[in-house]
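J.: Chain by chain, the residues run as shown.
Number of protein chains: 4
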Amino acid sequence: MTNNKKIKVGILGASGYTGSDLVRLLINHPNVDIKLLTAERKAGQTMADIFPHFIGHDLPILNKIGEIDWATVEVDVIFCALPHATSQEIIKGIFEQTSGKKQIKVIDLSADFRLRDPDTYKRWYGNDHTAIALQPRAIYGLTEYYRESVKSADLVACPGCYPTAILLALKPLLKQDLIKSEDIIIDAKSGVTGAGRSLRESNLFTEVSEAMNPYGVGHHRHMPEIEQELSVSAESAVTMSFTPHLVPMNRGELITAYVKLEENKTIEDLRKGLAVTCDKEHFMTLLKEDQMPATRMVRGSNNFVVNVYKDRIKGRAIVIAAIDNLVKGSSGQAIQNMNVMMGLDEECGLKQVALFP
Amino acid sequence: MTNNKKIKVGILGASGYTGSDLVRLLINHPNVDIKLLTAERKAGQTMADIFPHFIGHDLPILNKIGEIDWATVEVDVIFCALPHATSQEIIKGIFEQTSGKKQIKVIDLSADFRLRDPDTYKRWYGNDHTAIALQPRAIYGLTEYYRESVKSADLVACPGCYPTAILLALKPLLKQDLIKSEDIIIDAKSGVTGAGRSLRESNLFTEVSEAMNPYGVGHHRHMPEIEQELSVSAESAVTMSFTPHLVPMNRGELITAYVKLEENKTIEDLRKGLAVTCDKEHFMTLLKEDQMPATRMVRGSNNFVVNVYKDRIKGRAIVIAAIDNLVKGSSGQAIQNMNVMMGLDEECGLKQVALFP
Amino acid sequence: MTNNKKIKVGILGASGYTGSDLVRLLINHPNVDIKLLTAERKAGQTMADIFPHFIGHDLPILNKIGEIDWATVEVDVIFCALPHATSQEIIKGIFEQTSGKKQIKVIDLSADFRLRDPDTYKRWYGNDHTAIALQPRAIYGLTEYYRESVKSADLVACPGCYPTAILLALKPLLKQDLIKSEDIIIDAKSGVTGAGRSLRESNLFTEVSEAMNPYGVGHHRHMPEIEQELSVSAESAVTMSFTPHLVPMNRGELITAYVKLEENKTIEDLRKGLAVTCDKEHFMTLLKEDQMPATRMVRGSNNFVVNVYKDRIKGRAIVIAAIDNLVKGSSGQAIQNMNVMMGLDEECGLKQVALFP
Amino acid sequence: MTNNKKIKVGILGASGYTGSDLVRLLINHPNVDIKLLTAERKAGQTMADIFPHFIGHDLPILNKIGEIDWATVEVDVIFCALPHATSQEIIKGIFEQTSGKKQIKVIDLSADFRLRDPDTYKRWYGNDHTAIALQPRAIYGLTEYYRESVKSADLVACPGCYPTAILLALKPLLKQDLIKSEDIIIDAKSGVTGAGRSLRESNLFTEVSEAMNPYGVGHHRHMPEIEQELSVSAESAVTMSFTPHLVPMNRGELITAYVKLEENKTIEDLRKGLAVTCDKEHFMTLLKEDQMPATRMVRGSNNFVVNVYKDRIKGRAIVIAAIDNLVKGSSGQAIQNMNVMMGLDEECGLKQVALFP
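Protein chains in written order, with our numbering: chain H, 2 to 358; chain Y, 2 to 358; chain X, 2 to 358; chain B, 2 to 358.
One or more hints might be untrue.
In this list, chains with the same sequence are indistinguishable; a pair is considered to hold if it fits within one copy or across any two.
[Unchecked claim] Simulated pairs of lysine to aspartate or glutamate, DMTMM-like, Cα-Cα distance not exceeding 20 Å:
no.	residue 1	residue 2
1	K266	D184
2	K352	D34
3	K43	D291
4	K311	E90
5	K43	E202
6	K315	E228
7	K289	D50
8	K281	E149
9	K261	D184
Read the hints as simulated data drawn from the structure, not as lab findings. Note that the structure is predicted; figures quoted are calculated from it, not measured.
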């Protein structure tokens with residue numbers, strides 16, 4: 002790629018928080034031109050009409066997906082930030098219309114292509130998958146673990162926010178046989194953007210502020226995805242406990258994982274195991290022994306921070322990690338995948354320092 | 002006690018949040034007169050000078066403890082809301098000065114008389130206990146479990162806020178052999194008042210707001226107290242895992258406990274076991290099956306809400322409970338104990354509905 | 002009224018925040034029995050289903066208004082917490098159905114009977130008033146100024162939250178000719194409960210949190226009501242400037258009023274003028290000279306706090322006041338009116354101390 | 002300046018929020034190398050020790066100012082983020098030690114060089130100014146109005162946060178004779194970072210959260226600075242009313258200004274007047290007629306947004322503006338000045354989109 006040829010990107014579903022964070026990050030990405038934005042109900046408006054913090058930025062008018070001719074539209078990469086179940090149809094259509102004519106790469110931020118088993122998909126999401134043929138083509142976009150496959154992929158399924166935090170924390174430990182694959186208990190806490198911009202009573206300021214609420218206990222849809230990927234690292238089927246909680250803050254996700262050490266392993270072994278992975282990754286940091294991961298360390302940035310502690314129960318350890326759910330847990334990770342797919346420096350456009358306070 | 006003879010109470014350490022919540026609740030207690038308030042550094046000021054929400058209420062001027070003659074002061078009950086380690090000396094002095102002259106009852110809200118074993122106290126709090134002789138006299142003031150002893154006590158040690166929530170949730174289950182005493186993992190979340198009014202960087206709005214922080218991982222001082230009391234119910238030594246987190250809210254505490262079912266026990270058994278206890282208690286509520294405990298249900302009130310859920314890991318259950326850390330977790334529970342000690346209706350002065358939103 | 006005969010009350014529209022705060026306060030009112038609760042879309046449910054903080058309280062099941070036979074229902078007082086424009090029809094129906102059969106007193110918390118001039122009503126609310134005949138009967142329920150009329154009223158129109166704070170602050174000064182009636186500028190700040198529980202994007206946590214938003218600049222519906230009542234005190238037509246702002250908090254309203262001193266009047270005169278009124282009122286407090294009104298002083302309580310300061314511009318003063326918008330600004334004031342209408346002590350059931358922190 | 006010669010900058014007082022936001026922005030500034038960081042009490046530590054969100058960034062160890070040899074240290078520009086009254090001594094020392102040896106440019110973020118009149122300085126800040134000789138050399142760094150002087154300055158005094166928002170909003174209107182210079186009333190609202198990281202009770206989460214507090218009514222130290230600069234634009238002495246309020250949010254400042262139109266001027270004239278200025282400036286945006294400035298539009302960015310509305314009082318207008326107090330109100334503006342002083346594009350390193358939500 003030469004300097005004067007920028008990547009042309011489109012964002013489908015730009016009126017949600019994930020879509021808008023893609024725009025925020027891509028506006029200043031040195032190798033990208035945002036060429037296409039869609040939002041069905043807000044078509045005809047500008048991003049600044051919907052998100053006034055974009056005032057002053059020159060962006061395409063919002064369009065409807067149905068009005069795009071995929072065979073001719075000048076776009077190299079599509080970010081698909083549409084609701085679950087909607088994505089699969091749209092993406093199938095894009096590939097069909099462009100087949101043999103041009104190459105478009107699709108980065109999907111929904112759950113539609115994350116699960117390898119269509120039955121599991123149906124059981125957790127309630128509908129038949131309508132693009133099963135595309136599934137083998139989809140690469141699970143946890144960049145740190147599927148980088149090589151992502152490089153040549155034309156369809157990447159970005160992980161959910163909880164899976165991202167959990168997998169980055171536990172995969173290094175499982176792969177190195179440092180912790181057991183059984184009895185993994187994860188207590189997760191997320192900011193309210195995790196629930197999107199939908200008009201639900203439970204998302205009102207008055208309901209969330211000054212409050213701490215668990216939700217989806219025992220049946221959150223991120224579970225099968227987490228188990229699928231932990232099982233890969235453990236090389237055996239993992240069933241884990243996962244309980245998310247809603248925190249009165251906008252951004253940020255903290256996971257506290259209670260795990261069992263493998264025989265003869267120590268906390269120091271776990272630290273070393275995490276260090277091996279963190280040291281070679283751009284966006285993963287193992288904190289010092291006395292530091293605790295906190296969401297304010299990563300607000301607005303693509304970073305992941307982690308640490309591990311001795312539990313009071315013998316043979317157990319506590320692994321704590323934090324990410325920004327909208328960045329590393331969603332839009333930032335999607336751009337990281339784009340960088341890999343397009344042969345760019347993986348950090349390109351993702352060097353923002355966290356905004357604190 | 003006749004109707005026209007109110008209980009005269011004193012509050013030592015009235016300038017902290019625990020002290021001020023005692024005042025808030027006792028002002029409207031129908032059987033109480035607040036006769037004495039102390040605050041060393043603020044002596045000479047009024048409560049309204051320090052806490053302007055008391056403006057318009059007629060309260061004693063703040064005094065210094067050293068200026069009180071315990072043998073003659075007209076007080077029936079002392080609430081001691083002083084820092085840990087300070088309480089023991091003061092309470093020893095009160096009992097010495099009043100011995101043989103008058104009877105004063107002391108309700109201590111600090112940690113000084115919670116631990117039965119002086120060695121455990123020293124190990125966790127770092128100093129020798131200076132009133133060991135008083136320890137056997139101190140009743141652990143978890144009213145629901147020590148009501149009979151509290152009735153005749155003249156020294157009650159109120160539980161910490163985390164222990165209150167955890168013990169009310171798990172003691173019924175352990176006592177009825179519904180859960181195992183091993184491998185109990187507790188993930189706790191607390192509002193910022195849990196840290197008091199002290200000037201620490203970690204308590205600043207800018208550090209806490211829009212953030213989620215774990216703290217005291219593996220070594221929080223409430224641990225030995227929780228284990229002591231869980232062991233009583235389990236009739237064996239319990240060692241548990243406990244990880245607290247700081248949430249950007251003022252009041253409220255949520256605990257998520259990951260426990261193992263005893264053989265052949267089901268979630269329905271656990272529900273029934275909790276119901277047995279909750280049904281006979283004023284301040285304990287088992288929620289309906291599909292409801293989730295949340296701190297907003299109990300803000301400003303003396304209530305405890307709990308529920309139990311099936312875990313995805315076979316043989317495990319998730320128990321979730323919420324209290325207001327300043328009320329049921331501290332000042333409200335102290336008044337509940339006073340009611341029991343003075344032969345009043347246990348709910349007296351504690352009927353406030355939670356403030357929501 | 003004898004002790005053993007409690008006032009039977011009904012609350013129409015109990016599923017909103019105003020309705021639920023009426024319930025919170027009336028549950029512990031010593032002279033009240035809640036006999037009737039309505040909520041159209043939630044009929045058949047319990048208050049605890051909708052507002053889980055009421056769990057454990059014995060309350061009537063939610064009903065539909067259309068199913069109530071007003072001629073026979075055993076209710077002495079109706080609180081009407083329905084949306085603007087709905088109230089007038091319902092209240093007209095109540096009076097028609099009970100006329101000549103029984104006496105029911107109605108306390109309306111909507112805007113429907115606040116404006117004396119039907120044309121003004123239509124201009125600001127957009128619809129014709131459908132119960133004009135009832136308007137002369139309606140007493141404006143700013144208790145401190147219409148107490149005598151409220152005593153014998155059977156229809157009381159409770160002021161809006163902003164008008165309450167503004168009128169209590171400025172009426173004493175206008176009536177005593179201490180400030181000029183021209184060029185009154187009011188900058189108001191309100192918590193989010195002021196917007197109710199409606200599902201609007203602007204009420205989402207993510208939109209309000211960490212943000213400060215003005216709204217309704219130059220055209221808020223509370224304006225004509227404020228001007229109507231300021232004009233009464235000024236004995237001349239008042240036109241004022243009023244700009245509300247939304248603050249990321251649940252409860253509380255702060256108004257900052259920029260006013261001109263009358264000739265030869267001083268700040269000290271204004272203090273004295275406010276003191277005259279505050280000293281004789283239960284719920285009004287003039288702060289000390291160096292104290293500043295703040296919403297945390299009144300959270301959850303029926304109190305109003307005020308102070309006055311010298312402005313840097315010669316001849317100008319700054320008057321600052323705070324209330325809890327849901328209590329003194331709505332439900333608490335409604336109960337205060339009920340107390341007056343039913344011959345009870347005005348403070349009855351309204352002695353809650355503010356909840357701080 | 003060639004590409005391979007970056008500007009070497011030092012930041013004095015890097016452990017405050019202003020200092021840390023300078024670091025956040027300068028890390029990614031393409032023409033800057035951070036060469037020197039100081040923090041007296043934290044000397045020897047890293048930025049990441051104090052502000053863990055800097056983990057992973059390579060930055061100089063914190064130093065003490067006294068240990069720097071200004072004559073030899075390799076620094077082109079010094080940002081001075083020290084407390085008021087401290088700055089003047091340090092800056093005097095820097096210029097004395099470098100005089101005749103090398104040229105260092107100083108950008109001061111304190112109040113020390115903002116006021117032109119030493120008597121005014123003394124009256125508002127309480128101490129004699131100790132570097133009066135430097136004052137004529139100091140350029141007031143409101144870039145949009147002093148750009149030409151800033152270009153050649155070696156000492157720039159950056160405006161306070163409130164002055165920045167107020168002056169950018171009102172100077173265009175005063176200069177173009179669109180509003181009167183008398184009776185300007187400003188109601189300001191600021192996030193908590195405006196108070197810095199100091200350990201004061203009023204900055205605790207528990208005191209600020211769920212609260213709205215006015216402060217410094219009638220005597221805030223930004224007043225003389227605002228009046229000094231408004232007077233320049235009005236070409237006559239301006240005395241204005243200014244009342245700041247503390248809002249429970251981290252970043253952001255909203256000012257609501259109540260002003261009088263000049264004879265025969267309309268709101269449309271004011272809009273046009275603001276448009277003239279905004280259109281030619283990088284960081285100033287006049288919103289559409291129906292949009293309202295809100296702090297979330299500028300969180301973390303160097304932008305200023307403004308709008309103007311008709312007041313209900315005849316002849317008056319309401320001007321509302323918002324900035325991020327730490328960026329455009331402090332660190333961002335300082336970097337904007339550096340860009341001008343060093344001949345860079347004024348937007349360089351300041352293109353961050355606001356972080357929303």
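J.: Checked against the structure, which of the hints given earlier come out wrong?
T.: Result: hint 4 breaks, nothing else.
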